[in-house]
Amino acid sequence: MTSDLTKIYDHRTIEKELYEWWEKEGFFAPEKSKELGITNEKSERYCITIPLPNITGQLHSGHALVLSLEDLMTRYERMRQKETLYIPGTDHAGIATQNVVVRELLKQGINHKDLGREKFVEKVWEWKHKYHARITEQSKSMGISCDWSREYFTLDPSLSRAVREAFYRLYHKGLIYRGEYMVNWCPGRCVTAISDLETEAIDEQGHLWYIKYPIITKAWKGPQHPWASGKWAQGATDFIVVATTRPETLLGDSAVATVKSHPKYAKFIGKQAVIPAVGRSVPIIADQFVDPEFGTGALKITPAHDPNDFEIGKKHNLEFINIFNENAQILPGFVEAYSGLDRFECRKAILKDLETEGLITDIEPYVHAEPHCQRCHATIEPRVSIQWFVKTKPLAEPAMEKVRNGETVIIPERERRRFFQWMENIHDWCISRQLWWGHRIPVWYCDECCEEICPEPDVETVSTCPKCKGSSVHQDEDVLDTWFSSGLWPYSTLGWPNTDHPDYKRFYPTDTRETGYDILFFWVARELMMGIELTGKTPYHTVYLHGMIRDEKGRKISKSMENIDQYDPLIIIKDFGADSLRYVMISNSVPGLDTNYDPKNIDVAHKYCNKIWQASRYVLTNITSDEIVPKIDEIELDKLKFPDKWILSRLNSLIRDVQSYMDNYDYLRMTREIKSFFWSEFCDWYIEMSKIFLYDESYSDKHVQKAILLHVLETFYKLMHPVMPFITEKLWQTLPDNLKTTPTIMYAPWPIAQESFIDPTIEDSFLLMADFVREVRRVKHDFGIPLKTLVPLQIETETHRELFELCKNELVKIAFIDEDKFIIDKKIVPPPKSARIVLRGIPAFVPLAGMIDIEKEKTRINTSLEKAKKESIKIEKKLQSQFSERAPKELVDKERQNLEELKFKIEQLEDQLKIL
RNA sequence: GGGCCCGUGGUCUAGCUCGGUAUGACGUCCGCUUGACGUGCGGAAGGUCGUGCGUUCAAAUCGCGCCGGGCCCA
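Numbering (my numbering), first residue to last: 1 to 916.
Just to be clear, a hint being listed does not mean it is correct.
Computed beta-carbon distance windows for the label pairs [what the hints assert, rightly or not]:
| # | residue 1 | residue 2 | range |
| --- | --- | --- | --- |
| 1 | 659 | 206 | 52 to 60 Å |
| 2 | 200 | 892 | 28 to 36 Å |
| 3 | 308 | 189 | 22 to 30 Å |
| 4 | 799 | 911 | 15 to 23 Å |
| 5 | 604 | 5 | 15 to 23 Å |
| 6 | 418 | 752 | 54 to 62 Å |
| 7 | 103 | 740 | 46 to 54 Å |
| 8 | 177 | 537 | 19 to 27 Å |
| 9 | 114 | 418 | 42 to 50 Å |
Below, computed lysine-lysine pairings styled on DSS-like, alpha-carbon distance capped at 25 Å [said to hold, decoys possible]:
| # | residue 1 | residue 2 |
| --- | --- | --- |
| 10 | 173 | 631 |
| 11 | 553 | 393 |
| 12 | 914 | 869 |
Calculated from the structure, these hints are not laboratory results. Every residue, glycine too, gets a C-beta built ideally from N, C-alpha and C.
Start from the sequences, fold in the hints, and give me the full structure.
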């Protein structure tokens with residue numbers, strides 16, 4: 001085996017090439033595992049669907065985490081010999097995409113409204129074709145093993161068909177309805193209704209204005225002078241004062257409400273108040289909703305522009321007066337001067353006029369939460385309009401049941417509580433959007449008899465009314481909320497509604513939904529609700545929620561940040577490789593918790609890659625091309641040396657631990673333990689000790705160590721492959737052919753711990769030996785003796801004699817001991833001018849005649865003596881307290897033993913001081 | 001208003017469910033090495049675990065209060 005590995009690890013030369021090869025060979029498709037004879041119909045299978053990115057999107061740090069985790073899960077399951085499918089795809093992202101294209105067109109001087117619906121949608125498709133490649137190429141650079149032959153887009157014909165099917169079924173079951181309700185209207189860039197979830201409340205520093213409404217009396221029948229003349233309310237004697245944060249909405253007031261118990265205003269109930277500016281007379285009503293403590297205890301009621309007033313309006317059968325157009329500008333017909341004004345301009349104008357009329361009695365600063373559009377940040381305008389809704393309560397209950405009974409598990413568990421809290425208080429879901437880009441609502445209206453027609457899902461267009469046979473019908477203008485189609489994702493990508501589709505039969509329900517906790521409600525909740533309703537099954541058994549990626553100080557990563565490049569996954573991949581990025585993402589990820597991404601971790605990861613590369617080079621350069629190294633199960637067990645047994649024990653312990661970490665989604669520990677094994681045990685100790693054998697001309701059983709080196713490497717590659725797919729594949733491919741049973745490491749069987757190799761005694765003995773090596777090195781260091789200068793060593797032990805005989809060779813070589821002067825005896829007379837070491841109750845001496853500086857040794861001994869004394873006092877105190885009576889016996893015994901060992905050490909060191 | 005998360009050496013971080021000597025990384029300092037390692041190895045310094053009280057033989061860990069940072073829902 002010749003190694004063609006470059007001297008330095010260079011991700012650039014391997015990642016792209018390998019990904020192309022994987023794709024070309026079709027390794028990502030589940031069919032491949034069958035073809036290779038790894039799986040069959042009876043095999044377990046694993047399926048995960050990608051959290052579909054927006055078609056307009058660019059790969060950002062959030063995606064990097066998503067893709068790292070999901071590909072980790074996928075590759076792991078694939079290596080566990082399951083038939084594995086990871087489905088990629090993209091989302092048409094209604095509002096987001098429409099906004100982007102509208103803006104782009106505007107740059108070209110084109111108004112999308114002039115273009116018309118059809119032409120505009122064509123433009124968006126052009127845009128889609130152009131940008132689709134960008135996000136998929138970027139995703140591929142992460143190394144994800146998606147089956148690209150099964151890539152979907154939410155507007156694909158098959159997925160649109162699924163959307164119509166879902167709509168049809170829910171509609172005819174009465175779970176989708178159309179009606180006039182108050183919705184969140186975004187009058188900013190989006191100009192559409194949006195769902196509750198798409199709004200966010202922001203505290204606004206506003207004001208509470210106290211406004212006087214005159215009351216009709218016998219003496220005053222209404223305003224006699226024009227608005228803003230200063231004499232509008234002249235002659236009025238009775239007033240009711242309301243407090244409001246939105247004075248401009250008074251144009252749409254249709255009542256004033258107070259409570260029956262109001263000391264001042266109760267007597268006005270039943271009378272008529274006159275709305276300023278418009279001069280309309282409205283009733284003064286009583287309603288429990290009014291909080292007598294708030295403001296003046298009287299409330300202006302604007303049923304068409306406030307959610308609470310909407311309810312009151314319905315209850316009292318009030319008039320719903322819409323005062324705004326779709327951009328929240330004042331409609332004509334109220335007050336000429338305000339017509340066409342933006343709501344905030346109107347507010348200013350109306351306040352000025354109210355002032356003129358002397359109708360403002362007070363102004364207080366007031367902080368209140370105002371809903372904003374999550375996407376364009378415009379202040380939401382509550383608006384009454386005809387929209388489509390999903391009735392969610394009947395859907396929520398079964399979804400909650402699946403989570404309650406564990407058919408779907410949410411990780412981390414605490415997110416369950418959030419899930420239930422939201423589901424229990426769920427509101428109906430507004431699914432219609434006043435956009436052009438998306439799935440058009442599959443409902444037609446007859447122009448003659450007004451019949452509402454929701455045809456069979458195979459019908460793509462309706463031309464005659466089934467009721468009156470009229471031929472003048474038109475389709476609903478609105479499109480569906482994007483989340484309606486993404487809510488079907490786990491099965492619309494598997495051929496649903498065709499339940500005989502082989503993919504559906506084989507892979508549904510899927511296994512995992514991996515996504516950020518921020519979209520638990522947007523997506524997961526709806527997938528569960530719709531999935532259970534439409535397929536009768538929960539769409540996946542595990543919901544794994546990860547946290548957000550933030551910068552190293554915990555701030556949100558945004559495009560406007562300084563040094564944004566260092567957080568840009570595309571740049572990171574280019575400079576350090578996807579393996580490094582994936583490693584940082586995975587090794588820092590704890591379920592449900594935010595991760596602070598520190599750019600310097602990427603260096604650490606990159607160095608790790610290089611270390612892996614270098615260790616591999618060492619092993620492979622020590623094996624010649626014509627050499628046949630036996631496999632691990634072919635070597636003679638009696639030829640195993642102490643370090644061999646140790647590393648095999650450690651390796652199998654590691655495999656066992658990794659398995660448990662994987663089972664518990666503890667990726668942080670998994671990566672940490674593997675790294676620590678690889679670097680601090682395999683490289684630092686085993687490889688170093690292997691040199692003793694490999695460089696020894698007279699040693700004839702080198703194949704044993706070579707076999708173990710290769711075995712450990714191969715196992716390590718496999719354990720790390722789900723995390724770092726590229727470097728592990730590259731290096732695995734360079735291993736001798738007899739070790740490989742599959743064409744790619746992707747299908748190599750996941751390691752299983754061989755308990756017979758695990759030997760805690762060997763592991764412990766090794767630690768003791770390593771401690772001795774360290775101590776001898778330290779002695780040399782303290783006396784300025786070069787590391788490689790051979791020194792004598794005398795160990796006084798009877799109980800551990802066997803162990804030291806066992807590792808004598810290695811100890812002598814690594815610690816640079818003079819082999820002829822290495823003595824193990826049950827009694828050692830402390831040699832003069834020597835350094836003394838005490839470890840675990842075993843004293844040892846390093847005679848250093850001619851090299852030792854007595855004063856230095858005194859200082860050295862004193863330092864460790866002090867430390868030992870301090871420690872022993874602490875333990876003594878503890879043992880004298882109630883600890884020894886009340887604590888468990890094992891603990892007390894352990895402390896006693898510790899104390900004894902320390903006392904022995906102190907004795908030894910004091911003795912050393914005496915004889916110096 | 002209700003709920004959730006977080007606060008650990010200079011920096012970031014593990015541990016908290018299940019109480020018993022606080023993990024790792026970066027950085028700093030000292031030394032060694034360069035025939036796998038654009039480096040690597042060895043060693044050192046550095047923490048009253050936000051704060052107060054309580055429970056306990058024993059608290060980073062459990063309970064209550066407070067302070068600070070963030071998030072979600074209303």
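State the violated hints by number, sorted upward, taking the hints as numbered earlier in the document.
-> Violated: hints 2, 6, 10, 11.
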